[in-house]
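2 protein chains.
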Amino acid sequence: MSVYTAVNETEVAAWLKSFSVGTLVELKGIAAGIENTNYFVTTTHGRYVLTLFERLPREDLPFYLNLMAHLARHGIPCPSPIADHRNQLLGELHGKPAALVTRLPGVVVAEPDATHCAAVGSVLADMHLAGQSYGGRLENPRGPKWWRETAPRVMPFLDAPRQALLREELRFQSLYRLQDLPRGPVHADLFRDNVLFDGGNLGGVIDFYFAGVDTLLFDVAVTVNDWCLRADGSLDPERSTALLRAYHATRPFNALERGAWPVMLRAGALRFWLSRLYDFYLPRPGELVHAHDPEHFHRVLRLRIAESDRLPWVA
Amino acid sequence: MSVYTAVNETEVAAWLKSFSVGTLVELKGIAAGIENTNYFVTTTHGRYVLTLFERLPREDLPFYLNLMAHLARHGIPCPSPIADHRNQLLGELHGKPAALVTRLPGVVVAEPDATHCAAVGSVLADMHLAGQSYGGRLENPRGPKWWRETAPRVMPFLDAPRQALLREELRFQSLYRLQDLPRGPVHADLFRDNVLFDGGNLGGVIDFYFAGVDTLLFDVAVTVNDWCLRADGSLDPERSTALLRAYHATRPFNALERGAWPVMLRAGALRFWLSRLYDFYLPRPGELVHAHDPEHFHRVLRLRIAESDRLPWVA
Numbered sequence: 001m002s003v004y005t006a007v008n009e010t011e012v013a014a015w016l017k018s019f020s021v022g023t024l025v026e027l028k029g030i031a032a033g034i035e036n037t038n039y040f041v042t043t044t045h046g047r048y049v050l051t052l053f054e055r056l057p058r059e060d061l062p063f064y065l066n067l068m069a070h071l072a073r074h075g076i077p078c079p080s081p082i083a084d085h086r087n088q089l090l091g092e093l094h095g096k097p098a099a100l101v102t103r104l105p106g107v108v109v110a111e112p113d114a115t116h117c118a119a120v121g122s123v124l125a126d127m128h129l130a131g132q133s134y135g136g137r138l139e140n141p142r143g144p145k146w147w148r149e150t151a152p153r154v155m156p157f158l159d160a161p162r163q164a165l166l167r168e169e170l171r172f173q174s175l176y177r178l179q180d181l182p183r184g185p186v187h188a189d190l191f192r193d194n195v196l197f198d199g200g201n202l203g204g205v206i207d208f209y210f211a212g213v214d215t216l217l218f219d220v221a222v223t224v225n226d227w228c229l230r231a232d233g234s235l236d237p238e239r240s241t242a243l244l245r246a247y248h249a250t251r252p253f254n255a256l257e258r259g260a261w262p263v264m265l266r267a268g269a270l271r272f273w274l275s276r277l278y279d280f281y282l283p284r285p286g287e288l289v290h291a292h293d294p295e296h297f298h299r300v301l302r303l304r305i306a307e308s309d310r311l312p313w314v315a
Numbered sequence: 001m002s003v004y005t006a007v008n009e010t011e012v013a014a015w016l017k018s019f020s021v022g023t024l025v026e027l028k029g030i031a032a033g034i035e036n037t038n039y040f041v042t043t044t045h046g047r048y049v050l051t052l053f054e055r056l057p058r059e060d061l062p063f064y065l066n067l068m069a070h071l072a073r074h075g076i077p078c079p080s081p082i083a084d085h086r087n088q089l090l091g092e093l094h095g096k097p098a099a100l101v102t103r104l105p106g107v108v109v110a111e112p113d114a115t116h117c118a119a120v121g122s123v124l125a126d127m128h129l130a131g132q133s134y135g136g137r138l139e140n141p142r143g144p145k146w147w148r149e150t151a152p153r154v155m156p157f158l159d160a161p162r163q164a165l166l167r168e169e170l171r172f173q174s175l176y177r178l179q180d181l182p183r184g185p186v187h188a189d190l191f192r193d194n195v196l197f198d199g200g201n202l203g204g205v206i207d208f209y210f211a212g213v214d215t216l217l218f219d220v221a222v223t224v225n226d227w228c229l230r231a232d233g234s235l236d237p238e239r240s241t242a243l244l245r246a247y248h249a250t251r252p253f254n255a256l257e258r259g260a261w262p263v264m265l266r267a268g269a270l271r272f273w274l275s276r277l278y279d280f281y282l283p284r285p286g287e288l289v290h291a292h293d294p295e296h297f298h299r300v301l302r303l304r305i306a307e308s309d310r311l312p313w314v315a
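The listed protein sequences derive, respectively, from chains L and H. Under our numbering, the residues of the first sequence are numbered 1 to 315, in order. Under our numbering, the residues of the second sequence are numbered 1 to 315, in order.
I should point out that these hints are in silico values taken from the structure, not numbers from a laboratory. Fair warning: this is a prediction, and the values are worked out from it, not measured in the lab. Accuracy of the hints is not assured; some may be wrong.
[What the hints assert, rightly or not] Derived SDA-like pairs (lysine to any residue); straight-line CA-CA distance at most 25 Å:
id, chain 1, residue 1, chain 2, residue 2
1, L, Lys17, H, Lys145
2, L, Lys145, L, Ala160
3, H, Lys17, L, Ala160
4, H, Lys17, L, Phe197
5, L, Lys17, H, Asn201
6, L, Lys17, H, Lys28
7, H, Lys17, L, Leu181
8, L, Lys17, H, Leu256
9, L, Lys17, H, Gly200
10, L, Lys17, H, Leu181
11, L, Lys96, L, Ala160
12, L, Lys17, L, Arg58
13, H, Lys145, H, Leu282
14, L, Lys28, L, Thr102
15, H, Lys28, H, Leu89
16, L, Lys145, L, Phe280
17, H, Lys17, L, Lys17
18, H, Lys96, H, Leu56
19, H, Lys17, L, Pro182
20, H, Lys17, L, Gly135
21, H, Lys145, H, Gly200
22, L, Lys145, L, Gly29
23, H, Lys17, L, His248
24, L, Lys17, H, Asn66
25, L, Lys17, H, Ser133
26, H, Lys17, L, Lys28
27, H, Lys17, L, Gly203
28, H, Lys17, L, Thr250
29, L, Lys17, H, Gly184
30, H, Lys17, L, Tyr134
31, L, Lys28, L, Val109
32, L, Lys17, L, Lys28
33, H, Lys96, H, Pro182
34, L, Lys17, H, Tyr134
35, H, Lys17, L, Ser133
36, L, Lys96, H, Ser133
37, H, Lys17, L, Arg245
[Stated by the list, open to error] Computed beta-carbon distance windows for the label pairs:
id, chain 1, residue 1, chain 2, residue 2, range
38, H, Ala306, L, Asn8, 16 to 24 Å
39, H, Pro283, L, Asp198, 45 to 53 Å
40, H, Gln179, L, Arg86, 55 to 63 Å
For every residue, glycine included, the Cβ atom is placed at its ideal position computed from N, Cα and C.
Please work from the sequences and hints to get the whole structure.
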């Protein structure tokens with residue numbers, strides 16, 4: 001249960017008076033979430049999610065909220081932040097920065113098939129196109145600079161083969177000028193637990209709090225590295241092709257992206273291996289959730305390297 | 001059927017490529033609507049309404065579209081205009097200004113009860129509060145200035161008692177400085193056919209193309225004059241009280257509004273009597289819809305005058 005800040009119904013009911021969303025019917029804590037405290041809020045007018053921001057830099061919050069508002073305005077099924085009577089998306093509750101966003105329909109699909117993957121590829125391309133007109137600027141805080149800073153801090157905890165792999169991968173990635181690829185706002189964490197399916201339909205993309213400006217292909221790689229994996233960490237050709245084909249139908253890849261694809265799949269694996277090592281060996285004080293096993297992305301990275309010459313792609 | 005401009009699936013499918021809403025599944029003309037051509041558009045991602053603007057001044061369209069976007073951003077259940085890849089809400093299709101908005105759930109309720117009226121009163125107050133932070137400016141084009149211009153044009157078609165009533169009501173209204181009342185963006189046409197109910201819930205408020213900046217109380221009067229009428233045009237006390245009480249719970253009336261209420265109910269009736277006389281006797285070339293019977297609002301105006309000393313209100 002990751003409710004770090006407990007708020008009660010009286011507080012929330014009073015806070016809701018600054019919005020045009022009716023009056024409180026039900027308030028319920030949400031177990032998921034590492035960075036924030038989340039509550040389901042049901043009012044006389046609809047269903048919302050209340051988020052209290054626990055750790056994210058306050059100055060970065062407008063980037064996330066305005067990005068969601070921008071994408072929602074473009075028809076992307078993502079949480080739409082509700083503006084209060086001062087026309088602000090970011091407020092304060094219980095001494096914490098807080099936002100109210102729409103609650104989307106659907107549930108997480110733990111074992112997606114090719115149809116799910118195609119829907120995810122399609123909405124990801126839509127998000128990338130819609131994001132091009134977004135004016136907000138926040139460099140992906142888990143980009144190459146963060147990799148270089150973080151690697152030395154986790155290195156002491158690793159055995160020799162893992163140290164060698166990490167060093168070698170950082171060297172390999174540094175050879176590529178990936179900054180020349182098409183860029184824009186990216187979700188950067190589009191894992192299975194951040195997409196809701198409502199029956200056969202994609203009901204929503206959630207949790208934009210790792211978003212930032214980065215190469216669009218990085219977002220595709222992160223997504224494929226989760227949605228298209230078999231149990232052993234290898235890529236399932238059918239699901240990979242379905243996701244990439246659907247993406248490509250809306251936003252065709254360019255030649256640079258085609259060339260960078262194997263590198264980017266490794267970059268996507270490296271980024272999550274590093275952050276999971278970091279969360280595992282250097283947990284923050286007060287961390288209430290169990291860190292993910294870093295070994296998963298160690299395996300994914302090794303497989304992406306081994307598979308380099310036979311990766312799924314679309315023309 | 002008020003589809004003035006016929007567009008085909010090929011045109012719409014091509015036009016949708018400039019949005020992030022998926023691909024066209026179904027296109028279907030909508031019979032309702034006087035000022036615009038409307039189509040239901042179903043895509044792989046959702047349900048929308050396509051509007052081609054036939055008559056509204058092009059320079060006024062951003063006021064309407066930005067108002068809907070503003071209210072949707074505040075959680076009001078109204079059509080949310082979808083921005084295209086240039087981040088524009090207003091585009092062009094088949095040589096006409098055009099917009100794509102979300103399609104809301106529900107159906108029109110022809111015979112509302114007190115519960116429906118309370119829901120309408122509540123959402124109207126929400127809209128008024130949320131509208132206070134809207135920056136767009138467009139004076140209600142059917143305000144007192146328009147009354148004074150329009151009355152002489154319809155006068156020749158009226159019999160002596162109706163001429164006398166119209167003259168007297170214009171004189172009566174001119175005695176009041178209603179501009180001192182709280183103002184803001186108002187829907188100005190919140191009749192039964194512009195609210196959708198989805199089961200017991202208010203699914204949406206639609207058709208903002210008569211909106212403008214005016215006194216908020218005028219909007220309440222227009223709404224009560226439709227939602228709370230009995231068959232003979234008199235106000236149903238139960239429904240009137242339900243609507244006003246629900247409105248007041250969110251935005252309490254001030255003393256000025258209390259004093260102006262009887263005048264405003266007459267103003268709301270006058271405005272629609274005049275526009276229906278105008279549409280009936282001076283139809284625009286190419287008018288395809290049957291004009292409403294002007295007699296209805298003649299009767300409503302006479303009743304509001306007769307009832308002046310026993311109008312429903314809330315403390």
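Index of numbered hints that the structure contradicts, given in increasing order | 1, 3, 6, 11, 17, 21, 22, 26, 33, 38 and 40
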